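J.: The numbers in the numbering used here rise by one with no breaks, and the one at position 12 of the sequence shown is 17.
Bear in mind the hints are in silico, worked out from the structure with no lab data behind them. One or more hints might be untrue.
Each pair of labels, with its calculated beta carbon distance range [what the hints assert, rightly or not]:
1) Phe34 x Glu175: 37 to 47 Å
2) Arg200 x Glu175: 35 to 45 Å
3) Pro125 x Gly102: 23 to 33 Å
4) Ala264 x Phe106: 16 to 26 Å
5) Lys16 x Ile131: 26 to 36 Å
6) Phe82 x Leu128: 20 to 30 Å
7) Thr50 x Leu98: 53 to 63 Å
Bear in mind the structure is a predicted one, so any value in this text is a computation, not a measurement. Glycine included, every Cβ here is placed at the ideal spot set by N, Cα and C.
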Amino acid sequence: MTMLFDSPVLKIISLALLLALIVFSVLPFLWMAGTSFKTADEVYTSPPTWVPAHPSLANYGYILKRGPFDLYFRNSFLVGIGTTGLALTVSVLAGYGFSRFRMPGRNCLLFGFLMAQMFPSVLLIIPLFKMVKSLNLMNTLYALILANMSFAVPLCTWLIKGFFDQIPYELEEAAVIDGCSRLGAMTRVALPTARPGIAAAGIYVFIGAWDEFVYALTFTSRDAVRTLPIGLQRFTTSYEVQWSHMAAATVLVTVPVVALFLFIQRYLAQGMLAGATKG
6 MTMLFDSPVL KIISLALLLA LIVFSVLPFL WMAGTSFKTA DEVYTSPPTW VPAHPSLANY
66 GYILKRGPFD LYFRNSFLVG IGTTGLALTV SVLAGYGFSR FRMPGRNCLL FGFLMAQMFP
126 SVLLIIPLFK MVKSLNLMNT LYALILANMS FAVPLCTWLI KGFFDQIPYE LEEAAVIDGC
186 SRLGAMTRVA LPTARPGIAA AGIYVFIGAW DEFVYALTFT SRDAVRTLPI GLQRFTTSYE
246 VQWSHMAAAT VLVTVPVVAL FLFIQRYLAQ GMLAGATKG
């Protein structure tokens, strides 16, 4: 069996499949990036071209100068940061509690968190709308943050609980023996060791809040509190779709998420027990 997996033919097939997957994932982004530098006329040329004949930054200038696009960026950033901060705070405490303590109804609560991921977010629109309206939070960023937490907290709790489960409890016991309180053992031992899991959960929450469309469309009606996904809709009208402008705007929307992932990937690559082995 070992010789089968070490065979050159199998390695070639694996590399070919991996290359095909990479091409399948990257080509749409490359096409979008190329379209963002094309003129409106060149977008509709036949046959289409991958590389713009006359590259131009006019589409980006149009996006940045016209309309409240900078306001959409600010709103999306605030919603993403607010959702990530609150969701991670709740999920870390809940995940640690589920991992370290045994309480009545624990399995039922965990099963409920898992079941929450089986239903699309659109099913929560009506109850969330009534809650937001009763709290007078319509047309506020707080409504979007609270709504986004409805899908972020359950899955993040499961993810972070799994990371805490893999941390030996003996490490925290040793910290308690050395004089730490239970809270101190959690913050000084468990949290640093679980950084890769918390970082992965944070990326998931931020990307979900950054790209969320349904809640932003339902709970906001003014440009002052609308986010980037709603802003992209401005380029689609009853008469045309401004493909070059939409491509440029989509590139601008994608860049912050990619930059965040590149910045935080070093935490994801760390070993689970890296924090416990450092002096």
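J.: Hints numbered earlier in the text: which of these fail when held up against the supplied structure?
T.: 2, 4, 5
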